[in-house]
Amino acid sequence: MPIAVLSASILQLLLAGTFFLIPVVGRRHGPAAQTAAETEIARQGLPPALLARHRIDFGASRASVVVAMSIGLCLIALAWLNLSGIDTGRILSWIFQAVVFVLGCLIMPGEVFTTRFLEASARKSGDLELRGLDAKALVDAAVVAYPPWFRTVVATRLVLATLGSLAVIILLAMPSANGL
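Heads up: the sequence shown runs through residues 4 to 183, numbered per the numbering used here.
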């Protein structure tokens, strides 16, 4: 087994693990986080409906769980194909990891840098109530409902989805990856 293929497969499996863990924790702790956010927004003198109106949700919806776990399953399947020496796995990995890289660049930063994204959204909004939101206090209140290690896992997924995806593509393009 070429080290390049083994390394790429390990990166895929690690990333897959984050796509299973994050939605499970989000479903379990999300309602408490949302309640904490609603309490904080009321403390700021703003209506709790402001969160719903702007789709600010600190949990994981059923749809997001299905999407995340589907991505995780695809990553596991690709890792298995690569570890089995099936050339199709390498080709599909190049395509799929490129898609995950784009997702990592466009969507996942908002999960890691929630306060900054929320502040930027509030500044651009025409909603005066949203502009008055203390985004840091809101995010801080919601984050307390999650386990302390959760933010690290979310940041790890961002790194694995971006830099890890690039590494998988490069590793599987190396001549040694063809030597199965």
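Think of the hints as simulated: they come from the structure by calculation, not from any bench. A couple of the hints might just be wrong.
What the hints assert, rightly or not - What follows is a set of in silico ranges between Cβ atoms, one per label pair, in the way DEER data are often shown:
(1) I13 / D60: 19 to 27 Å
(2) I13 / P178: 13 to 21 Å
(3) S10 / W152: 21 to 29 Å
(4) P112 / P34: 23 to 31 Å
Said to hold, decoys possible - Each computed SDA-like pair below joins lysine to any residue, with the alpha-carbon atoms no more than 20 Å apart:
(5) K139 / F116
(6) K127 / F99
(7) K139 / T38
(8) K139 / L169
(9) K139 / P178
No residue lacks a Cβ here, since even glycine has one placed at the ideal position from N, Cα and C.
Against the structure, the hints:
1. I13 / D60: 19 to 27 Å: 33 Å, violated
2. I13 / P178: 13 to 21 Å: 20 Å, holds
3. S10 / W152: 21 to 29 Å: 25 Å, holds
4. P112 / P34: 23 to 31 Å: 25 Å, holds
5. K139 / F116: Holds. K139 to F116 sits at ~11 Å (cutoff 20 Å).
6. K127 / F99: Since the Cα atoms of K127 and F99 sit roughly 33 Å apart, the hinted pair is violated (cutoff 20 Å).
7. K139 / T38: 16 Å, holds
8. K139 / L169: 32 Å, violated
9. K139 / P178: Outside the cut-off at roughly 48 Å; violated.
Hints 1, 6, 8 and 9, counting from the list given before, are not met by this structure.
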